[in-house]
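Engineer: Protein chains in written order, with our numbering: chain A, 9 to 492; chain B, 28 to 626; chain C, 382 to 687; chain D, 84 to 372.
Be aware that one or more of the hints could be misleading.
What the hints assert, rightly or not - List time: in silico DSBU-like cross-link candidates among lysine-lysine, alpha-carbon distance up to 30 Å:
(1) 51(A) - 180(A)
(2) 85(B) - 602(C)
(3) 403(B) - 261(D)
(4) 59(A) - 125(A)
(5) 258(A) - 48(A)
(6) 504(C) - 85(B)
(7) 403(B) - 276(D)
Because the hints were derived from the structure by calculation, they are not lab data.
All figures in this text were calculated on a predicted structure; none of them were measured in a lab.
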Amino acid sequence: KDLVIGVDSNMPHLDPANTNDTLSQSVERTMYQGLFGFDKDMKLIPALAEKVDSDETATEFTFHLRHDVTFHDGTPFNAEAVKVNLERVMNPENHLSRRSLVSMVSHVDVVDPYTVKFVLSQPFGAFVNNMAHPGTFMISPKALAQYGKDIATHPVGTGPFKFVSFATDTVKTTKYESYWKPGLPKVDSVTFKSVPENGSRFAMLQTGEAQFIAPLPAELVKAAQGIPTLNVVISPSIIARYVALNNMRKPFDDVRVREALNYAVDKNAFIKIVFSGYAEPLDAPIPPKLAFYSKQGEWPYDPAKAKALLAEAGYPDGFSAELWGATSTLAKRAMEFLQQQFAAVGVKITVSPLEAGVSTAKLWNVQKPEDATMQMDFTAWSSSTGDADWGLRPLLDSKSFPPNLFNIAYFHSAEADKAIEAGLGSADPAKRAVAYAEAQKIIWKDAPWVFLSVDQLIAGESKRLSGVYYMPDGGILTEEAALN
Amino acid sequence: MRGLSVEFGSGVERVTAVRGLDLDVRAGETVAIVGESGSGKSVTSLAITRLIEHAGGKIASGRIGFTGRDGRVRDLATETPESMRRLRGPELAMVFQEPMTSLNPVLRIGEQIAEAVMLHQGVGHAEAMAEARRMLERVRIPEAQRQLTRYPFQLSGGMRQRVMIAMALSCRPRLLIADEPTTALDVTVQAQVLRLMASLQRELGMGLMFITHDMGVVAEIADRVVVMRNGEKVEEGTAERIFDAPEHPYTRALLAAVPALGSLATERLPVPFEVPDGPSPKPQDTVRGSPVLEVRDLVTRFDVRRGIFGRLAGRIHAVEHVSFDLRPGETLAMVGESGCGKSTTGRSIIRLEQPQDGTIRLAGRNVTQLDGPTEKLLHRTIQYVFQDPFASLDPRLTVGFSIAEPIRTHRLLAGAAVEQQVHALLEQVGLTAQHAQRYPHELSGGQRQRVCIARALASEPRVIIADEAVAALDVSIRAQVVNLMMDLQSRFGVAYLFITHDMAVVERIAHRVAVMYLGQIVEIGPRQSVMEDPRHPYTRRLLAAVPVPDPRRRWREQEVDDSEVPSPLRAIGDLPNIEPLVEVGPDHFVARHRVGGLY
Amino acid sequence: MLAFILRRLAGTVLVLLTVSVFVFGFVRLLPGDPARLVAGPDATAEDVAAVRADLGLEGPVWRQYVRYIGQTLRGDLGRSAKTRQPVIAEIGARFMPTLWLTLVAMGWSTLFGLAVGVLSGVKRGRWEDQTAMVLAVSGVSFPSFWLGLLLIDLFSVRLGWLPTGGDDDWRSFVLPSITLGAGVAAVLARFTRSAFVEVAGEDYVRTARAKGVPERGVIWKHALRNALIPVVTMIGLEFGFLLGGSIVVETVFSWPGLGRLLVDSVSFRDYPVIQAEILLFSTEFVLINLVVDVLYAVVNPEIRLR
Amino acid sequence: MSEMAIGTVRIRSPLGEFWRRFTRRRVALFAGMVILFLILAAILAPWIAPYDATTPDYANVLSGPSFTHLAGTDVFGRDIFSRIIWGGRVSLTVGFVSVALGCIAGMVLGLVSGFAGGFLDSLIMRFCDVLLAFPGILLAIAVVAVLGPGISNVVYAIAVFSMPVFARLVRGSTLALKQTVYVQAARSIGVRKLPLILYHILPGTLPGVIVYLSLRIGTSILTAAALSFIGLGAQPPSPEWGAMLSDGRSYLGVADHLTVFPGIAIFVTVLAFNLLGDGLRDALDQKLR
Ligand SMILES: Nc1ncnc2c1ncn2[C@@H]1O[C@H](COP(=O)(O)OP(=O)(O)OP(=O)(O)O)[C@@H](O)[C@H]1O
Ligand SMILES: Nc1ncnc2c1ncn2[C@@H]1O[C@H](COP(=O)(O)OP(=O)(O)OP(=O)(O)O)[C@@H](O)[C@H]1O
Ligand SMILES: [Mg+2]
Ligand SMILES: [Mg+2]
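With the rest of the complex left out, here is chain A (with noise of 0.2 Å):
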């Protein structure tokens, strides 16, 4: 029984406090597991740690392992790994891109050998979601030590499946036979092939070639679901959707201006043009899926009261602009869209598709806010954390602007970065909701961004097969998958 996974783009290389893409973290949580980790639906679910106990500052958090587990290599789990694991991302030599997970680590003591305590320089609320972040994988440190930096291209994990083989398009795992959970893996393999053409992908799942894909366009759900062999498979996601407005700049500096703006977008029919109808209105700067997320309403339609806005702005013709975005199809067509409902409240916008590298030089190389190009962007986020925070922090923090993070948006606002770090500054999810609840009203009313929608996630499957989800970041769980 083999499984064969056909996915949207390539897997540059498999080590995962390196790994900056969603789909990697996919592969690599078929051989790797953390501390914690996420369900299916994002919620947080012990892995290779029984539970966890932190003070009241959330500066110590201490870690109880399992004792059943060892490596692909036979190297046992424990508490010694776990701080080997850790003081690697952590070590600034090793250029790892996800060492702000551990940051905040000050240093790791290793209780015994079954219990490892957390010390950190700053209180950290959402640590916990940063030690099921894939970022935090737990390697086996007799492979990290014989390979060096090669371990990206030879992965060893606790994970139900081994590693293979790998190239950037196609990774083949096998079962682990002994694996710590009982009764899995149900399937002997699993291949994750890089497809990148919809047509081809989708072709790859009508002919058998692969028994899931991830994602399904949404376009072609229609035809996937007229084939009786076939699952569509559909799910929220914490993928949202926004354009982002330069509010430094003129015209955009005038929250009359950005009201209007998400006035003149008609979500309903952004969605069905733009995701055949397979994707929600975004009622909050975060998705619904995310922690602390607190529904903030919806900018309604109403392109007169755009107009009247614009007027009162000082724009009674509107003005022209230059929308930036990515050049798949799908934000083509997104931005064609934008560019058709400006055009109905007199916004003339020049859709310009960018190229990643030109899009990241443009956008997160600016050093100064004044030097920012930008004056819309169509963009996306999915908070990998799971967290408000890291849905927050990054995109709307006045701290955040590049190069430091992505806060592209320029966006600043006393109040609103008040409560951003309030709700870093507790583990207690009682005091973080009340604070992120505050943000987001703040951010709301603020409307930096003209707010379209969150993705539905889209997977096409194989009747014969169960047991694969697709979580809402867009990371794919195999763990549990099973062919009849």
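Add chains B, C and D with the ligands to chain A, keeping to what the hints say.
Structural biologist: Here is chains B, C and D with the ligands on its own, set in the frame of chain A:
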């Protein structure tokens, strides 16, 4: 062959190239078909072999009776393509005009001959190769064994034509059709090939249909002659009768235009051709004044490079220490075999090639080193007329533009005057002003060459270098153009450097003759003394090879000389032997030193 | 002959050196900072700087170039910025699939193109000729990605005969090589036809007929051999198109080859990979053309024996 | 030339001769008419297109071909037939302009290279080799990556990689023409370089160039489509055919009319240019009767 008609195309575009032709060739007989270009000679030959179908034509009517080796009489006009194929080779063979292009460039000589042998005699490869070698020996190709493995481009024109003959004869056909087999060859090689064909024909007893437009060749080889014009036969008879008593006016005109060597043996000065119904031509005395062009020790060599870094492997010594003078109104004919350096001499003078050494003085001014003014002077004062009137006019420009070009280039006139001058020039060369609007392809060959001459005259030059200027023209037109040139000379006093290998034309036009061999002048002097009293062995050989249009004087007993011209390619540092010429008569100089391997 | 090859090789080295300068400058002209892309979204400014040093992107460009050429000549192409793999390994794994695909496409399209070209040359002006030529021209008129998707839809999805992608066995070669080679086949067919028609009018073909060579021999032995001479040069140039076309075809058919890698590495500004890849493409092109020139000399004795 | 028809005077200008031969090639003639038709349709788009090419109609998206929308509507409810007519402006311009630019640059280089010879010739030819050695589409990616996507950059990109081929072609015929007797005749008269090139050489290179131009126009339309496929082509909402085809391809099997009609438009245009080019070639080639 009875009532043969051949057509091309269909509908409105239909052209009848041959109309109702009757023709017989008996075994062992040589029938020459003569006629001007386009008269249907080639079409007739292609019709007999039915290759006409591949050229886009078809036999419209008539029958072609052919008695095969087995004695059966077939009508070739109606045979199936497959049985025609079987006949081609063993029964009917052809030799074509163009030896340069008639051999397959990518196949070895041996293969090409052996192919026919294998096809028709059913023998194996080795045997066919042996036969091919025998055939090559038969056509007197030296080192036959080695030649078998060579490619056509490695052979000279004469050798290629002999290979063609060997190929045609390899199956001992009953009838050999030779379509202008010697036109592309120069006289000495032509003589070799003609003699070879005649002797092989006698040996094999085959019928020979020989197509040509050269009456001299006809006289050399034909038993009977058929004269064609516009696709029809106008006269037929034995060679003697045709030459002695031509009946049809066209035949007479044709013969009249044939220059006969020796007809001016007693005349010192050039005499134009006789024209039918014209006044009888008078000798021209036009030479006067001091030399307009003086060439001294002109040397032009071409580097031959080989190898990775283009190492200099040798040099072609195309022109070696050539010296001569040319006076206003004088014609110096430059003769010699193909490749002896005639054209290169002319081209070096006008700097189409860069000479390595020597001095050139033009009207007393040294123009060896070109700067602005001397360059202008050179290009204005010397004009060049090329062999091929088809090629030397830009097909995309009107004739008028071409003639005006030198005038404009040298800014001799401006505005409407240019046009008037063009019209005047056209009239001087016997065309009308209307011709200025035409494109070259709308003119006949003779008209085109007149245009070239008009262009040459446009800058009022003092010297015209005519490089085989009449070689591509039909006999009658050739005579007209030569007469025109002589007329212009008498009117304007231009000097001609007349490059040719046609001795008969030389006799008509030249005041003096220079004979070139391997890049050197081996004999130079007044026409009369050089031609009537040749001193250099090469000059003698050249004169002897010229066919005489008199069937009774054929085969002036002489050994067939199979030697090839030695190559002008020499290794670096291997300089040819050069010595001053020796005066043997008034103004008559001859080389007494060894030139090349032979003389 | 040997001298000829050596001379051509020398020229090749020159061309490749120029290409390397070009490529080197080109990747640096691309807007976008590889260090930033490599370091990832969470990286700090120091991280980015560290990565930059790691990637050898410091100092003046000419010095970087000298260092790069030095390393390249020693066979060290560096490490991919994106995957941190040695570029050699990265490219090595993908070189063969692309090469095979191109060769297979080249192979069938050459054979097919020649056959169709000769056929329509022989039947010139008749309906066989017209049909073959219109069909052939159709081959160059399809956007290749569309053709590829249509082929997948027909042969994989509807008929289930052939796989949709991958490079597993010979069956997976069929669709991509058809898609890739269609244009070339068409061009060669047309080219062969006109070369053939031209040659068919030559005097030596008439000579062959006059010898009584059967029509088949005239076509295949006398005419085609000569017609091949210009066609062979064309093949070399077309190879360049194939290499370029492989980018699209590899994407449609998820072919694990260099074309896809290139698109990826360009969008990731993976300088070492882009450089190495373009150099490889160019080398391939230049070498193929060298082979073609040698072939040219083989079919054309006049070149060979000079 | 083995047979010469001296004395037979045919009064036809080269152009007339060419036209006569060209018009006998029915396929090519038809292709030429198709192209004319396409060009006319593109020029007259504002008058003949039934709908505007950019106005959306969200109530009527992805509807199949019908009498109101001959080729159906696209994702935004725009009339595909009208978009194709409008798109002719973009696609044909891309085809023409890019190749024309490449051709002009290539011709200049080729003429200079072939005429000057020597070092300059080697320099230009090596430069062209380098450009050729970059597979075309890579070059286009390069140009587009530097200049950003968008139709005008696509045009430059294609121009850049058409150039070396034209340069080679023109150089080849320049070398051949330089050897012709009529050019030597002009030189022997003392005609200076510029008029020599302009009057005698340049016109001689044109037939080959025109043929190649027509073939290349088709290729460049396809290249523009391929660039759209990799996401570097025309920008929305430009109705460039390649972009339409590429954007519509994810609806294959759901709404085939999105790809079929632009696909056919590209196919027919490229086919027509190629057939025209072939016809021109045959008509210009004296040897093929
Ligand atoms: N393939 C052809 N298609 C159309 N007309 C042709 C063709 N071949 C020859 N002709 C015409 O047939 C006539 C006779 O031509 P042919 O070649 O027999 O002349 P020729 O006497 O051999 O001339 P030359 O001395 O130049 O060889 C000419 O008017 C020529 O234009
Ligand atoms: N451009 C050139 N490069 C190399 N060799 C040349 C060149 N031009 C002429 N030759 C050689 O120089 C020699 C003399 O050639 P030239 O053309 O002057 O002879 P020719 O007497 O005019 O012969 P023909 O009667 O055939 O016209 C020949 O061996 C020829 O091959
Ligand atoms: Mg003839
Ligand atoms: Mg000559």
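Engineer: Against this structure, judge whether each hint is valid.
Structural biologist: Status of the hints after comparison with the structure:
The hinted pair formed by residue 51(A) and residue 180(A) meets the criterion: a straight-line CA distance of about 28 Å does not exceed 30 Å. Straight-line distance between C-alpha atoms of residue 85(B) and residue 602(C) comes to about 26 Å, which keeps the hinted pair within the 30 Å bound. This hinted pair checks out: residue 403(B) and residue 261(D) have alpha carbons roughly 21 Å apart, not beyond 30 Å. Pair hint residue 59(A) plus residue 125(A) holds up; C-alpha atoms about 12 Å apart against a cutoff of 30 Å.
In summary, the hint linking residue 258(A) to residue 48(A) is not supported, as the alpha carbons are separated by about 43 Å, beyond the 30 Å threshold. Between residue 504(C) and residue 85(B) the alpha-carbon distance is near 18 Å, which keeps this suggested pair within the 30 Å criterion. For the suggested pair residue 403(B) and residue 276(D), the alpha carbons sit about 14 Å apart, so the restraint of at most 30 Å is met.
In summary, the structure is inconsistent with hint 5 from the numbered list given earlier, while agreeing with all the others.
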